[in-house]
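Required output: the full structure, derived from the provided sequences and hints.
Listed in order, the protein sequences are those of chains B and Y.
This note's numbering applies: residue -18 is where the first sequence begins, and numbers increase by one.
This note's numbering applies: residue -18 is where the second sequence begins, and numbers increase by one.
These are computed hints drawn from the structure, not numbers from a lab.
Treat the hints with care, since some could be wrong.
[As the list claims (entries may be wrong)] Label-pair ranges, simulated between beta-carbon atoms: (1) B:R39 with Y:S26: 32 to 42 Å; (2) B:R18 with Y:R52: 17 to 27 Å; (3) Y:A6 with B:R(-9): 26 to 36 Å; (4) Y:D61 with B:P109: 14 to 24 Å; (5) B:R18 with Y:T(-16): 21 to 31 Å; (6) B:D103 with Y:D61: 13 to 23 Å; (7) B:E(-11) with Y:D(-12): 32 to 42 Å; (8) Y:D63 with B:S46: 37 to 47 Å.
[Claimed, not checked] Where chain Y lies over chain B, by a calculated footprint (3+ residues, C-beta under 8 Å): (9) 6 to 13; (10) 23 to 31; (11) 61 to 68; (12) 72 to 80.
We put the beta carbon where it would ideally sit given N, CA and C, even for glycine.
There are 2 protein chains.
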Amino acid sequence: MDTDWLDEVRWDAGGLVPVVVQDHATARVLMHAWMSREALALTVSEGRAVYWSRSRARLWRKGESSGHVQRLRAIRLDCDADTLLLSVEQTGGVACHTGRESCFYRELRDGRWVEVDPVVKDPAVLYPSGDR
Amino acid sequence: MDTDWLDEVRWDAGGLVPVVVQDHATARVLMHAWMSREALALTVSEGRAVYWSRSRARLWRKGESSGHVQRLRAIRLDCDADTLLLSVEQTGGVACHTGRESCFYRELRDGRWVEVDPVVKDPAVLYPSGDR
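This is how it looks when you write it as structure tokens:
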């Protein structure tokens, strides 16, 4: 299998690249995550977002606990080849573990971070085992 | 001056956070950059995007060479408080040093990164001194 496209990505010292995740339908930026080379290869071969969880130090198939899988629509590389942009179909319309559409739900207003987006689904329902 | 909002950001070991930059009008993701605490404070006080350039190890007022300033419309923080999302007005409609609207102009197609967006402005005109 040709892996030149994986070699063209400029992995950082830890073997990772940042990933911006955008909803293909609404264009909302849903989240920011990281991928290893293996995660990127799996994302493309499986057609769903697979990240590298830095906190858990393991591969993380988005939706493995919540069912909120991200189906891959397109993947882009930036000019410096060190950041990826994923366009996805967000199952359930919720990307954030807090039960919101996007992880970016706080906005700076008058010197304070204000929660401006509603909780769409109860996190206790999303993660019945408590394991997000 | 109240700086609690700056303290709430979870700066990484190098004192930086990743920043996703989105065009407020088109919703396109224009670029991915980094901010230090000072860069974020200046971005808010000046109303324009100021980044930390890791390659040049200095503050970088976006547009300082090209004139393609990014006017701040809104700024958001994610659930883990370790990534920012900027909504900007992109002067000149070009964010990328290659003269394209977005830095994410290559898409993976059949195992190859393919340039799918046009060059809007000649980079030689954007950076007459050669200094991007």
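We went through each hint and held it up to the structure:
no. : hint                               : verdict
1   : B:R39 with Y:S26: 32 to 42 Å       : 41 Å, holds
2   : B:R18 with Y:R52: 17 to 27 Å       : 37 Å, violated
3   : Y:A6 with B:R(-9): 26 to 36 Å      : 30 Å, holds
4   : Y:D61 with B:P109: 14 to 24 Å      : 22 Å, holds
5   : B:R18 with Y:T(-16): 21 to 31 Å    : 39 Å, violated
6   : B:D103 with Y:D61: 13 to 23 Å      : 20 Å, holds
7   : B:E(-11) with Y:D(-12): 32 to 42 Å : 39 Å, holds
8   : Y:D63 with B:S46: 37 to 47 Å       : 21 Å, violated
9   : 6 to 13                            : holds (count 5)
10  : 23 to 31                           : violated (count 1)
11  : 61 to 68                           : holds (count 3)
12  : 72 to 80                           : holds (count 3)
Hint check: violations occur at hints 2, 5, 8, 10; the rest are consistent with the structure.
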